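Starting from the known structure of chain A, fit chains B and C onto it as the hints suggest.
The listed protein sequences derive, respectively, from chains A, B and C. Take 0 as the starting number for the first sequence in numbering that gives the first Met the number 0 and just add one per residue. Take 0 as the starting number for the second sequence in numbering that gives the first Met the number 0 and just add one per residue. Take 0 as the starting number for the third sequence in numbering that gives the first Met the number 0 and just add one per residue.
Heads up, a few of these hints could be off.
[To be verified] Using 20 Å as the maximum straight-line C-alpha spacing, the simulated EDC-like pairs for lysine to aspartate or glutamate come out as follows:
1. A:K126 x C:E259
2. B:K308 x C:D94
3. A:K171 x A:E56
4. C:K171 x C:E259
5. C:K304 x C:D264
6. B:K126 x A:E259
I should point out that these hints are in silico values taken from the structure, not numbers from a laboratory. Bear in mind that the values here come from a model prediction, so they are computed numbers and not experimental data.
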Amino acid sequence: MANATWTRRHVLSLADFSLGEYDTVLQTAASFQEVLSTRTKKVPVLQGLVVANLFFEPSTRTRSSFELSAKRLSADTLNFAPGTSSLSKGETILDTAKTYLAMGADLMVIRHREAGVPQAIATEMDKLGVRVGVLNAGDGQHEHPSQALLDLFTLCCLVNPEYPRLKLLSDKKIAIIGDILHSRVARSNIWSLTASGAEVHLAGPPTLVPKLFAEYGSGCRSRDIKAGKNLITSFPVKASIPKPKSEIPNRKLFIHWDLESALIDADFVMTLRLQKERMSTHLLPSWREYHQRYGITRTRLKLCKPGVKVLHPGPVNRGVEISSELMDDPQFSLISQQVTSGVAVRMALLYLMGSGKPELKNGE
Amino acid sequence: MANATWTRRHVLSLADFSLGEYDTVLQTAASFQEVLSTRTKKVPVLQGLVVANLFFEPSTRTRSSFELSAKRLSADTLNFAPGTSSLSKGETILDTAKTYLAMGADLMVIRHREAGVPQAIATEMDKLGVRVGVLNAGDGQHEHPSQALLDLFTLCCLVNPEYPRLKLLSDKKIAIIGDILHSRVARSNIWSLTASGAEVHLAGPPTLVPKLFAEYGSGCRSRDIKAGKNLITSFPVKASIPKPKSEIPNRKLFIHWDLESALIDADFVMTLRLQKERMSTHLLPSWREYHQRYGITRTRLKLCKPGVKVLHPGPVNRGVEISSELMDDPQFSLISQQVTSGVAVRMALLYLMGSGKPELKNGE
Amino acid sequence: MANATWTRRHVLSLADFSLGEYDTVLQTAASFQEVLSTRTKKVPVLQGLVVANLFFEPSTRTRSSFELSAKRLSADTLNFAPGTSSLSKGETILDTAKTYLAMGADLMVIRHREAGVPQAIATEMDKLGVRVGVLNAGDGQHEHPSQALLDLFTLCCLVNPEYPRLKLLSDKKIAIIGDILHSRVARSNIWSLTASGAEVHLAGPPTLVPKLFAEYGSGCRSRDIKAGKNLITSFPVKASIPKPKSEIPNRKLFIHWDLESALIDADFVMTLRLQKERMSTHLLPSWREYHQRYGITRTRLKLCKPGVKVLHPGPVNRGVEISSELMDDPQFSLISQQVTSGVAVRMALLYLMGSGKPELKNGE
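Chain A on its own, in the form it takes in the complex (with noise of 0.2 Å):
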């Protein structure tokens, strides 16, 4: 497994992530993917280490995912239970964070939702010298970067299942539609669509999709680092925004306020859940209304190169942002690749996490 040049302790958010990374994670997930195919499907690679998952979200997905990979690797799990938890007694997060330092975690998943709260922990976990990772397992709007790495293994594999890599994609087109101005699913996917050199169309209802999303693609460097990018990150928290790497050229960007445009000859069309409380804030019309403008059928894949395929981050509201009969037809949909692509990635980051052990980087 090549993880000979992996330096990176926390996998908070891709906007940093190299050409280098992205192909680490690719390839080591594609040997795992092997690993699964087998019939014992473990390996002691991980073995004596702790994964703590602090959810402090609940998710039962992606929490699963992770605990069944880290066993996967022979580690031991720990699961964070909010319902159950010290912090209505008054603990921070960060006490908490701590607290399974203290115990031995060698590796935290986190989800919160307020955008930074990985960052942070992994920056105080940094102060103290430790060599803990931190994995950011979705944070407010911000980012979900393990969500993105296993769409870009599935988009990767379908390219060329033994050999996935980035630039596979540098000739596609992508479309993700949806409730972008929320979705940190989109704001990983952004930073890792666009490093792989594919063009990126982004195609939602105005109140979704701001304008200002387009200016941080190609040709608009300046602002972008001002306006389009506060806009990706989001970040409330204080903490230091990753620099993009500049060995990524421009990125190419997109965005629709109809539908049809995106879709034209797309290769692959990513939906994002809908979250109902949007209705409530007036940014959404009706759900049977915004099936009817956004929503993703089998006719309108129409427009789409042939061969399409949909992805979709899950749990999926049926007829909604895709319609039901979509969404089971495995000509189309890659829904179940995507959670069996995200057993694979995740190994593979936690491999690389746990095994890598860099040395601390100081202010990183």
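Leaving out everything else, chains B and C in the frame of chain A:
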């Protein structure tokens, strides 16, 4: 371990269990009971497999029993916790199951308060052509097959601990007391105990022991299909109702509205848990009155055969279904043995389902 | 590992701990601390054993610590979650414990908000003649022995990390500050720290540090049995109160209603968690006022011996029991070490209880 003949992918109901299947489960459980008496207690037979416990209806007792059974077979376990689930986010139950399938679950243990849910999920899994096995851990008022099989194992081991098999009960009289109408435990036990050839006597208040149950018994095979059997299966979800095995002769099933006639000369008395919520629906008098009329006490057991034993699936309402002192008296109570048998029987079921890997039967 | 002399089946209270038992725990914990510093961190000593964590009172911190300890001894763990339990269905606590026993639990770690519950369950288990061990993980305001033992281990390791033993503290002055009256942590620590021969000084508001505590100290052995000791044990559940070991000389225990006299020349300062709910019962002024009178700050520590260290069982109310900056200052704070010690000490307890397998002592 005898599993050469096992061809069942799912365990959803005992209605169509064959005599051979009962004996295979009993003998496999006996082997595991032996393993559990050794120091190590674990066997590596399901190493690498993932058992997903999808308990949409909360349960500590049954979930822990399945979790421990899986661990002792060296499988990895994933627990779905309804409180922190995606269900509140609008995902369907089937989508949840598919997510765990895509993550790599080999076996799914499913509990749901609606009858037919495990069956419906199993049907969908078969349609997908995947080899996952579904085990019904209690669905509404329909069935709870692993509970009935552990009851069966407990009783057969009492007669012959070295070589438990179904026919050991053929000349026994077994009384099942209480809320038959709403009990999935009773329904599953009716299938297994009558299949053994035992006489099964149901007793309870007329509101909770409808006459139609009797018609399911001996000599009523034709009407049975319509009324009695529907009553026993009570299947709201559209799913093919399994056909009772023709190899099993007329079932000896009787109903009683007075406790005494059911208890006379009984070898075993199985009491059922009363649900508090039945009281509010006027199906039941007060708990105290219930205990006076149908509660099992040491005095009442004098009507039974000498050496009579009492079962209860737990948790017990002490002093309601059974007197508190009787419950704690090891001379009569099999309650602890039932829980102990539960681990061996569930190990047997998971092992048979997980290692048998029968070819997919279409349209099952 | 020194466990030839260990004969205790249950760990419920430190009141009757012998000098030899303290040292066995300390030395076994030191061995495990060494194991934890190796790469593998796991030992196969409890393979096949089942540790059931029955936390009737929710706790993340302590439950995770026990869970990790059990896993590192290669035991299997079962977690009882109160939210999804049968208790809401009317089952008694003892029935729950018996169910886990019947399932195969070898050790039970029990927390309950009522004093005496673990003791009562242990007594019942002994009556049943079974060899399960019960560990009190906190019962009401009574005791929390594993917390006091990890505090003891932390302090002894500070004096001599290679060879921690009780008598290392014999010439120390230790101040325990805060809500002594309601603290199970304080009660257990009073037994262990006075047993070492250290001077223990309790300080806090008169409402929370009743005079009777002092009478439990040196020179009051007779009244002690009646008033002081009951205050310290405060045992509502009927259970035999353990007899303090006669081998332990007069305990040096003092009370103070002003903070300063307790702090003067102290070697160690142990602060206790304040429960918010005490405020509403008029036992406490405001948090702010409390901090002004009894909060530990860097300035106040100048009264103590040079090199003084501060302990807190966690979770901390920052800025109440202890100033936030002091809590985070590794020069003074032992809070992280306490959590780390917790894993080694709990491994030691589970190992001694689980592998010692002493013969059943009747009427214990």
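Hint check:
1. A:K126 x C:E259: 34 Å, violated
2. B:K308 x C:D94: 19 Å, holds
3. A:K171 x A:E56: 34 Å, violated
4. C:K171 x C:E259: At roughly 17 Å apart (the allowed maximum being 20 Å), E259 (chain C) and K171 (chain C) satisfy the hint.
5. C:K304 x C:D264: 5 Å, holds
6. B:K126 x A:E259: Roughly 34 Å between the alpha carbons, so the hint for K126 (chain B) and E259 (chain A) is violated.
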